[in-house]
Structures are given as C-alpha cells and as structure tokens.
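Model the full structure from these sequences, guided by the hints.
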Amino acid sequence: MENGNGGGSDGSGGTGGGGGRYRREDVARAAGVKVRNLRYYQERGLLPPPRREGRIAWYSDDHLTRLRLIDDLLGRGYTVNGIAELLQAWEEGGGLSQLLGLEREMTRDWVQEEPVTLSRRELRELFGPTATAEDTRRAAELGYVTIDGDLVTYPNRRLLEATLTLVRQGVPLAEILDAGEFVQAQAAAVADRFVGLFRRYVIDAAGPAGLEGLERLSATQLQHITAAVAALRPVAGEVVTSEFARAMARRVDAEVAELLRTEQ
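Under our numbering, the first residue of the sequence shown carries the number 321, and numbering increases by one thereafter.
Hints listed in this document are in silico derivations from the structure and should not be mistaken for laboratory results. Check the hints yourself; a few may be wrong.
[As the list claims (entries may be wrong)] Okay, the calculated beta carbon distance ranges per label pair:
1. Ala567 - Arg519: 25 to 35 Å
2. Gln489 - Gly557: 18 to 28 Å
3. Ala577 - Asp391: 49 to 59 Å
4. Arg566 - Arg359: 48 to 58 Å
5. Ala494 - Arg553: 41 to 51 Å
6. Ala494 - Gly402: 45 to 55 Å
Source: prediction; values computed, not measured. Backbone N, C-alpha and C fix where the C-beta goes; we use that ideal spot for every residue, glycine too.
Spelled out as structure tokens, the structure:
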C-alpha cells in the first residue's frame, strides 16, 4: 500500500477521492474480502473500476470504504442485487458520498498505533527470563501481539513500552497479562455504554434504527451523524482518561496514607 497523493480521481468513473493507493491484493486484504470478489463487484456495478497506470490497477481509500460497506451489508442479509439497488438509490439521491463519509469515519482507527516487530530471540533479550512461551501465546490470544513464524508483532508500541516498564520494575509478565485482560473487559463495558448513548440519542434520533434505515436518511442527516461520530472520538477518550487519572490519584493517596500510618 502507498499512502501518497496518488489516489486521485479515477478517469473511468472510480470514486478515487481518498489519498491512499492500494494494489488489488492489498485493498482486498484491508477490506477482508477475496481478491476475486473485486472483479465480481465491478461487473455487478457495486464497485467502480480502479485507476490504471500502465498494467497496474490502483484502488483508493474510497474503494476500500465501499468494499467495507458492501461486506457489512452482505453480513446483514442484503443480496448483491439489493445492495446494487441501494447504492444506485443513494447515488441518485446525492447521499452516497455522505454515506461513504459516515462509513469511513466509523471504520477509521480510533487510535494511531505504531507497530513493532521482533524476532523471538529479540523478544527474549528484551523481556529476559521472565517471559515464557505461554506468556507469548496468551498475549496473542488477548490481541496484544500477532505471531508469524519466528516474528512477533506488537500493534501498539506504547503498550509494549508500558509492559516493559512494569517488567523492569519486577512485575511478572503473567500478572501484567491478567491485568490487561481485566482492563479489556472494563474498557469493553465503557465502550458499550458510550455506543449505546450514541445509538439512542444520535443515530436512532436521526431516522429509522439500524443500517437498514440509512437509505431513508437525507444527505444532511448523514452529515450530522458523521460529524457526531467525529466529535465522539476525542470526548470518549478524554472522559475515560480523566476518570482513570482521578481514580488512580484517590487510590494512590489512600495507599500512601496507609503506609504512613503503618510506619508510625
């Protein structure tokens, strides 16, 4: 994949507004679809053709967004013909660009993560003898790492550095993973609460509930939902960060006070 400015307008009718450029295999992988589906979707009118430079076909971020939308609609029980009719209706109503903007905003990564890939030998050198093969396996199960043969990739450099800090302070890696599993469960509960509020007071308030009702929303309504999703991103993170900082301050203060009483 290239993240340049080469994914411009597609001279053959492609959406082409995104900045990224993807080869066929890359865009299929990013969208989670089979490569052969790209031509099929193009033949059925679901996907605009790519932009060609010589023998290379370049797909854009807009192609990726539409592929994800198609895959989501298929997962919700829509037929290919039904999706084609739906996309055509949105295009004729002028709402497709707003719908794709909503889909892009909703599927955009909430955090920008910098991955780190290490060999198993480098991993052992980094963590020392406290890290076991069982720890690596469990970290993969929890989604903290991916394993490809001898290579171990941490999707998030900051989590790797935080883990190393704890290990170097003497905290066993197994205990850190236990804490990580607990944090994941709590974070999922917080996310469910925020998404529930957003669904109830923004999406459902805009029109019929569910993606099945989006075709009846106006371009203005879709733009409103997209803006609301964009606004939710920093707000949710700030609330969680602030509340966690306050909770840690209270807990540390209480612990220090207890230690001082013990010393007296």
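Do the hints match the structure? See the list:
no.	hint	verdict
1	Ala567 - Arg519: 25 to 35 Å	holds, 27 Å
2	Gln489 - Gly557: 18 to 28 Å	holds, 26 Å
3	Ala577 - Asp391: 49 to 59 Å	holds, 54 Å
4	Arg566 - Arg359: 48 to 58 Å	holds, 54 Å
5	Ala494 - Arg553: 41 to 51 Å	violated, 33 Å
6	Ala494 - Gly402: 45 to 55 Å	holds, 50 Å
Of the numbered hints listed earlier, the single one contradicted by the structure is hint 5.
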